[in-house]
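Keeping their order, the protein sequence lines are chains H and E. The opening residue of the first sequence carries number 508 in this note's numbering; numbering runs sequentially from there. The opening residue of the second sequence carries number 6 in this note's numbering; numbering runs sequentially from there.
Treat each hint with caution, since some may be false.
Unchecked claim - Here are the computed distance ranges between Cβ atoms for each label pair:
no.	chain 1	residue 1	chain 2	residue 2	range
1	E	P117	H	G580	30 to 40 Å
2	E	P87	H	E548	35 to 45 Å
3	E	S13	H	H517	28 to 38 Å
4	H	K569	E	E10	42 to 52 Å
5	H	E525	E	T74	25 to 35 Å
6	H	L545	E	N12	20 to 30 Å
7	E	K22	H	R522	16 to 26 Å
8	E	L75	H	A509	37 to 47 Å
In short, the hints are calculated from the structure, not lab data. Just so it is clear, the structure is predicted and the values come from calculations on it, not from any experiment. We put the CB at the ideal spot given by N, CA and C, even for glycine.
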Amino acid sequence: NAGVMQNPRHLVRRRGQEARLRCSPMKGHSHVYWYRQLPEEGLKFMVYLQKENIIDESGMPKERFSAEFPKEGPSILRIQQVVRGDSAAYFCASSQGAGLDTIYFGEGSWLTVV
Amino acid sequence: SQKIEQNSEALNIQEGKTATLTCNYTNYSPAYLQWYRQDPGRGPVFLLLIRENEKEKRKERLKVTFDTTLKQSLFHITASQPADSATYLCAPSGAGSYQLTFGKGTKLSVIP
Numbered sequence: 508n509a510g511v512m513q514n515p516r517h518l519v520r521r522r523g524q525e526a527r528l529r530c531s532p533m534k535g536h537s538h539v540y541w542y543r544q545l546p547e548e549g550l551k552f553m554v555y556l557q558k559e560n561i562i563d564e565s566g567m568p569k570e571r572f573s574a575e576f577p578k579e580g581p582s583i584l585r586i587q588q589v590v591r592g593d594s595a596a597y598f599c600a601s602s603q604g605a606g607l608d609t610i611y612f613g614e615g616s617w618l619t620v621v
Numbered sequence: 006s007q008k009i010e011q012n013s014e015a016l017n018i019q020e021g022k023t024a025t026l027t028c029n030y031t032n033y034s035p036a037y038l039q040w041y042r043q044d045p046g047r048g049p050v051f052l053l054l055i056r057e058n059e060k061e062k063r064k065e066r067l068k069v070t071f072d073t074t075l076k077q078s079l080f081h082i083t084a085s086q087p088a089d090s091a092t093y094l095c096a097p098s099g100a101g102s103y104q105l106t107f108g109k110g111t112k113l114s115v116i117p
């Protein structure tokens, strides 16, 4: 039973480029969450999506960041015009339901902006 | 604003001893609290969930307590092993909440 799959695991981008991070949830899971972990910081919630819907994006920076979870295919976190401060580990998680359902994290995508 | 503090950024203990990690929260009334383990370069792994009406929960060598009066959770690993070395994260959450708020974690090192 495959877990939450994230790719790429490591990504290097130059300032001003775009970064696209992909997440395939666990089989049977329709709820996807993105979290960011900055160096020396705790995990911070970014966005919660269900298929074709953004439920809560209160943790997303207002500019340059967007997320989607299409009917078919993985969830995508897109960062446009990356800056050095975007360097972080981005974790995707999924759950079967919401609320008290246990969420399962992927191994993360580590973005480095040079 | 909500604040979560995990006392001790790092904790070193001798193999075989019991490790006790602390999670304190303020301006918060969580309905439940979760503990995760995170290894370097890896994603967090769920360990235990305890609800506000539960005082204690156990799973193998792990024990979690939840004191809503003190606004504190304690996480114990008995008979600790070097393989238990990792960062442990606590995440209190409100009822029906899907959004986890994590503490910064405590890095545990178990010395052989």
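So which hints don't hold here, by number, going up?
-> Those not satisfied are hints 1, 2, 4, 5 and 7.
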